[in-house]
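Modelling step: build the complete structure from the supplied sequences, incorporating the hints.
Here the protein sequences come in this chain order: B and C.
Numbered per my numbering, the first sequence spans residues 1 to 402.
Numbered per my numbering, the second sequence spans residues 403 to 658.
Some hints could be false.
[Said to hold, decoys possible] Stretches of chain B that chain C covers, calculated by requiring three or more beta carbons in the stretch to come under 8 Å of a beta carbon on chain C:
#: 1; segment: 7-21
#: 2; segment: 313-322
#: 3; segment: 393-401
Calculated directly from the structure, the hints in this document are not laboratory data.
Glycine included, each C-beta is placed from N, C-alpha and C at the ideal position.
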Amino acid sequence: MRPVATTIIALRALRRNKMRSVLTALGMIIGVGAVIAMVSIGNGAKSQVEGAIASLGQNIVSVFPGSFSTGGARGGWGSANTLTPEDALAIQREISGVVAVSPETRNRSQVLANGLNWNTTIYGESPDFPSIRSWDVSEGTMFTDADVRSASKVAVIGQTIADQIFPGSSPIGQTLRIRNIPFKVIGILATKGFNYFGTDQDDAVIVPYTSSMRRLFRRTTLSTILIQAATKDQMFRIQQETTDLLQQRRAGRDPDFTVRNQLELAEAATSTTRTMTALLGAIAGVSLIVGGIGIMNIMLVSVTERTREIGIRLAIGAHDRDIRLQFLLEAMVLSLMGGTLGILLGIISSQLVSAINGWPVLVSTTAVIVAFLFSGAVGIIFGFYPAHKAAQLDPIEALRFE
Amino acid sequence: MTPVVQLQDIHKIYATGEVQVHAVRGISLDIQKGEFIAIMGASGSGKSTLMNTLGCLDRPTSGRYLLDDIDVSDLDRNERADIRNQKLGFVFQGFNLLARTSALENVELPMLYAPRRISAQEMRERAMHALGIVGLADRHDHLPNQLSGGQQQRVAIARALVNQPQILLADEPTGNLDSKTSIEVMGVFQKLNDEGITIVMVTHELDIAHYCKRNLIVRDGVVVRDELVKDRLVSAQELMKLQQAEIVAKLTHARQ
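The structure is reproduced here in structure tokens:
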């Protein structure tokens, strides 16, 4: 085996047929380019969805009320009105690994100030709310546990409320009337924008949950309980323990609540894009195979066409291994060259798609490395048969070939 | 001095299907160093088979072939390839140069397949030297299709010479050339032979065989005649005659 000499021979052979070499590599260029572009676009979409899910808060386990049935009519999830602040306190007290709990109430109501009005959602929450939802108070302060205990008439408002009710002036310290009850604005939440489902998250007024229940809406039950786990891997345990605890607190009754964990939601949302990425990648992968077959096809034609050349080489001293290695190297150089150009093409075209359509793209290093190795493997696999065929030729027959 | 080539009762039988073809039926032959032999014979006479055996491209069915005192009759495929590379040089009727490859790279080819690795610089120097011998050093960067037939055959001769073989084997080297170019190419062979290189060629042209020193005639797989050439032609003289004939022809033409 003469690897150095054979490499020179293979490169010279490719250079002799520049046009054919480029055309052969084209299949590989397009195949690899398509894979890289598709995977990049898919990854971009996935990261966007993941970002949207993360904006809902970090490591959240949520408790929703169950369904309420009366006389055979079933109310659907959330109709049961059975979650109480005591449930929330019990969770905080008894389950380890819980960082924060917010008993949440949600009601729609009109708010008034400065002669302006706006219909919005009033959230009753605990002071942990900003931490749970990863949502900072950008101006002023959040209310405190003391405010919760005394059911203070204080509110933290979203940016949309600030814009609509207090245009041109700072809302901090001003009075906002909710159901005719004056609340003092003590803080403004940072802008969060629209969520994954198209709701304006900044269209919100946050008050202590006790104030919401006792002063505003005269309710005894909660809409949701938000629980924040210390770490991601504790979420499933906390979900299970919360279920057990609440079940125990409702001794003997049917479960009237559901406990969801954010990972499930994230899972559902990202699985779609993951499926899409896999699908696009698979389609692009088919073109890779086609590119590989193209290389094999050309190499086979080339072996026939170059029979005389092979005969000359054998006559002047080439071993069958030299011929095999030469054709294998030619196939590999073609496919690796195609792979490299394809990676460039894929990156360029995904950036182009991003620039034109505004889609987020994420070129993954793994995809690039895998595509490169795969194209090398394609060269070996599809180059082997033609190379073997060339090496088997008889020098006398090959020299006589017309 | 032991002969370079010793063939002892060589037989070659091709078994194609049910029919057996007895192409060579017991040829024994000694070739001394410095000989210049033409093998002649009609097609089907077995001369090509004899040539392929001499060239270690094919193995005899029976008999012994000693090349340079080495028994090459039962070497395997790759061992024979090394023998061809190191001890034999081939010149073909159809030149068989690699297309779209410069004369220099064509001549370098046998060195790329040498058992010992040869540096790029040495390859280039030896290839240029070989091209110099055939008088084409200044055309080293030409591609085959930029060269005349005679020049292409000279590049092929340079390629055959580059590994300093024991024998130069030429299979109808003038078959694709016109008569004047044939004489030129025979001139190259004569010059090489004068420098001590052993040459064996196959030809069916009697006048070309007259440039050699010894003629073998093969018929039905046996050597029927083996004789030294008496009135040997010399390329330089023949070219001179041609030239004069041309001048005379031109003068006669001009007078009319």
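Now for the hints, and whether the structure bears them out:
Proximity of the segment 7-21 of chain B to chain C, defined as three or more residues with a beta carbon under 8 Å from a beta carbon of that chain, is established by the 5 residues found. Judged by the Cβ-Cβ criterion of 8 Å, the segment 313-322 of chain B is covered by chain C as claimed, because 10 of its residues qualify and three suffice. Only residues whose beta carbon comes within less than 8 Å of a beta carbon in chain C count, and the segment 393-401 of chain B has 3; three or more means the coverage holds.
The earlier numbered hints are all upheld by this structure, with none contradicted.
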